[in-house]
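Residue numbers (the working numbering), protein chains in the order written: chain A, 1 to 330; chain B, 331 to 680.
Careful: at least some of the hints might be erroneous.
Claimed, not checked - Below, computed lysine to aspartate or glutamate pairings styled on EDC-like, alpha-carbon distance capped at 20 Å:
{"#": "1", "chain 1": "A", "residue 1": "Lys142", "chain 2": "A", "residue 2": "Glu161"}
{"#": "2", "chain 1": "B", "residue 1": "Lys636", "chain 2": "B", "residue 2": "Glu622"}
{"#": "3", "chain 1": "A", "residue 1": "Lys18", "chain 2": "A", "residue 2": "Asp76"}
{"#": "4", "chain 1": "A", "residue 1": "Lys271", "chain 2": "B", "residue 2": "Glu597"}
{"#": "5", "chain 1": "A", "residue 1": "Lys259", "chain 2": "B", "residue 2": "Asp555"}
{"#": "6", "chain 1": "B", "residue 1": "Lys530", "chain 2": "B", "residue 2": "Asp555"}
{"#": "7", "chain 1": "B", "residue 1": "Lys530", "chain 2": "B", "residue 2": "Asp447"}
{"#": "8", "chain 1": "B", "residue 1": "Lys636", "chain 2": "A", "residue 2": "Glu161"}
{"#": "9", "chain 1": "A", "residue 1": "Lys209", "chain 2": "B", "residue 2": "Glu622"}
{"#": "10", "chain 1": "A", "residue 1": "Lys271", "chain 2": "B", "residue 2": "Asp594"}
{"#": "11", "chain 1": "A", "residue 1": "Lys271", "chain 2": "B", "residue 2": "Glu551"}
{"#": "12", "chain 1": "A", "residue 1": "Lys259", "chain 2": "B", "residue 2": "Glu551"}
{"#": "13", "chain 1": "A", "residue 1": "Lys271", "chain 2": "B", "residue 2": "Asp447"}
No lab work stands behind these hints: they were computed from the structure. Treat the numbers as computed from the prediction; the structure is a model and nothing was measured.
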Amino acid sequence: MADQQQTDTTLVSVNNLKMHFPIYKGLLRRKVGDVKAVDDVSFDIRRGETLGLVGESGCGKSTTGRAVLRLYELTDGMISFQGEDIAQLSSSELRDRRPRMQMIFQDPQACLNPRMTVGAIIGEPLVEHTKLNSDERNERVKELLDSVGMNPDFVNRYPHEFSGGQRQRIGIARALALDPDFIVCDEPIAALDVSIQAQVVNLLEDLQKERGLTYLFISHDLSMVRHIANRVAVMYLGKIMELAPREALFSDPKHPYTKALLSAVPVADPKVEAGRERVILTGDVPSPSNPPAGCVFSTRCPIAEKKCFTEPPQWRELQPDQFVACHLAE
Amino acid sequence: MTSASTERANITTSAKSQVANTLATAETVLEVSGLETVFHTQDGDVHAVNNVSFSLQQGELLGIVGESGSGKSVTMMSLLKLLPMPPAEIVAGSVKFDNRDLLQLDLESLRDVRGGDIGFIFQDPMTSLNPVFTVGFQIMEPLRAHMKLNKRQARARAVELLELVGIPSAEERLRDFPHQFSGGMRQRVMIAIALACDPKVLIADEPTTALDVTVQAQIIEIVKDLRQKLGMAIIWITHDLGVVAGIADRVAVMYGGQIVEYADVDELYSDPRHPYTRALLQTLPRQEGEREQRLISIPGQAPNLKGPLTSCPFAPRCSAVFDKCHSANPPLFTIGDRQKSACWLEESNG
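Working from the sequences, and respecting the hints, build out all of it.
Now the structure itself:
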């Protein structure tokens, strides 16, 4: 019964996802190794929820987001979307499923074609995937602009005429054009000013409520993830270290990396800052082409023991719904 | 481990109050008054810095907070005339440093100050280091130019500096090029270069913005530590209110090319007076306690600064706006001893 319910509510299920990029070197461009951007990652995204994916740059969070949408050919693993395995689908089969899954990009400057009008940008998915005529399309574009809080009369303007926050709204309108179920938001607010970030996050939340959207929200901003996500996955060097509901992760983190990450986030209150205990990690993230044996975090972990350096930790459920990959967490 | 870090936290708190005590008697090292910078562009003049005044005490850390386009970087670049002129022009103001007005100096004497008495750390450690020279060469360059050290002395000092900012096996790493360092390490190299000639003032322009949080925490620890050791005054530009809360003694909040609030760090966070500061603090999602149902956002967008300001630049987005805000730009009113706010609501207090 519980199993039945589980499959009913799961929208996206990722199992043992691996995404390795080959490194070629020398005169003959021989393959000398792999960058293990994502290495054996599994998680589920439930219908209607927001799963936050956090981590530092280079940890593989964006690669995971793109791989989930099958924007890459996977090295290994299975991705089921609405109960169907999409990992092995051909490109034409995938094309039929594309309207159901969309993406919002980080840089609103780079993801909009500067030579296309706003109307053409938002209307393009409609041209590709629907049979609407141009009047109907125009109508729909105006509706979409309205729903992201922009003036529908802007259809004939170009991206450069808008500010960063407005451009991000255009990107969101484009992602919404085909009425998707699932949107991967890849650092959607990282390029925006603090006062504009809140506007965009509120818009994403409103749209989720209205349309029942499911988000994979990729970000390095932990306090924003705490606000928007229902559950949070923490990545480090191509692996998920901890996956837990928001409250549990932020109030009682289990993995030493999560603890270090949370303690490094500055708090906007001088009194709190003065009395804070910080876990300062030493050193840098190792290269993903040659990750440490054993636990990938062992080289920087403040509590690492002998077996952490030799034996990779199991992915285990510590408490109901709280998963962790650490030998020592309890 | 826990007890050790608590101890360290206690040390930093007591050190902070020590700094606060010495501040009261410390002398002013840098005094900026009435600074105005204009960019002459094809579409007309952009007034990027409008009547900015502040002073920096010895050993003080002044945080400058603002969003992109608020004029915080241009202000600091103006101090040392690091802007391309034209199109930029510093139309008014003075920068008193060492009994001189930096804005009146000729280029030769200004070069002695840049990188000598005033060090600069830029935001992006990738683009501000020269990729074709070794790190050692780049650290030794200011030492040889400003302090007239010979090659061997400069080398010894460079090793010392790299050790100071926490780069392991410093001696060997002098021969490495910038691309062989990670982002955090590169920023440490930048700090080492800025510190090379024992500056009296260090200007750090978003030094941790391009870095990850855990690396940011490392860099902040280093800067706190160096402040204790070297005692220079620091101007730290950032858009992150959290970073400023942890390190600054005093904070200036900028909006629309001017300082809208200027206060000691505790007052700024416990009793923000300018509506913009208040709104900015409210938009941040909480990191502890109950999650807010909905984030408070500031409607509208930052002003474009074409033409001189004739009204409060924040008026179109302000929740407490009234008639006077649209007719005149408020000056900085003084509240209490050390807090200032550029808002007409404070007129009666000021």
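Here is what the structure says about each hint:
1. A:Lys142 <-> A:Glu161: holds (18 Å)
2. B:Lys636 <-> B:Glu622: Violated: Lys636 of chain B and Glu622 of chain B sit about 37 Å apart, past 20 Å.
3. A:Lys18 <-> A:Asp76: holds (5 Å)
4. A:Lys271 <-> B:Glu597: holds (11 Å)
5. A:Lys259 <-> B:Asp555: violated (23 Å)
6. B:Lys530 <-> B:Asp555: It holds: about 16 Å lies between the C-alpha atoms, which stays within 20 Å.
7. B:Lys530 <-> B:Asp447: holds (5 Å)
8. B:Lys636 <-> A:Glu161: holds (16 Å)
9. A:Lys209 <-> B:Glu622: holds (16 Å)
10. A:Lys271 <-> B:Asp594: holds (13 Å)
11. A:Lys271 <-> B:Glu551: Within the cut-off at roughly 17 Å; holds.
12. A:Lys259 <-> B:Glu551: holds (18 Å)
13. A:Lys271 <-> B:Asp447: With a Cα-Cα distance of about 33 Å, the restraint between Lys271 of chain A and Asp447 of chain B is violated, given a limit of 20 Å.
This entry does not satisfy hints 2, 5, 13, going by the numbered hints stated previously.
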